[in-house]
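Asks: Sequence:
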Amino acid sequence: MAAESLAMVGKELGHEIKVETQGSLGIENEITAEDIARADGCIIAAEVAITKKERFTTLPVLECAVADPIKHGNAVFEALCEEINNG
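Residue 19 is where the sequence shown starts when you use this note's numbering, and the numbers rise one by one after that.
Simulated from the structure, these hints should not be mistaken for lab results. Some hints here could point you the wrong way.
What follows is a list of derived Cβ distance ranges for each label pair [claimed, not checked]: (1) E52 x K29: 14 to 24 Å; (2) A55 x C99: 14 to 24 Å; (3) G44 x N104: 28 to 38 Å.
Yeah, the Cβ is synthetic: ideal placement off N, Cα and C, and Gly gets one too.
Use the sequences and the hints to build the structure in full.
Replies: Following this line, the structure appears as structure tokens:
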């Protein structure tokens with residue numbers, strides 16, 4: 019549900035986003051090096067450690083709980099934008 023919320027709110031706000039999920043099936047829709055090179059920032063919504071987190075060290079990163087994008091989607095994107103602008 020967090021992935022769907024991020025995609026929906028991102029689109030509503032005019033952001034181009036790609037959502038990777040990690041779960042019992044492994045990594046799905048994996049974010050590539052090319053995706054990262056084009057990105058302005060990264061939102062990590064997770065309750066557990068994620069695989070290959072080091073990929074995002076070149077980007078401003080906002081880490082939050084899985085419930086945050088579902089309950090406060092706009093605020094999550096606003097917080098990332100602040101991180102990008104202050105980075």
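Asks: Evaluate each hint against the coordinates.
Replies: Quick rundown of the hints versus the structure:
Under the hint 14 to 24 Å, the C-beta atoms of E52 and K29, about 21 Å apart, fit the expected range. For A55 paired with C99, a C-beta distance near 20 Å keeps the hint of 14 to 24 Å intact. Between G44 and N104 the C-beta distance comes to about 34 Å, which sits within the given range of 28 to 38 Å.
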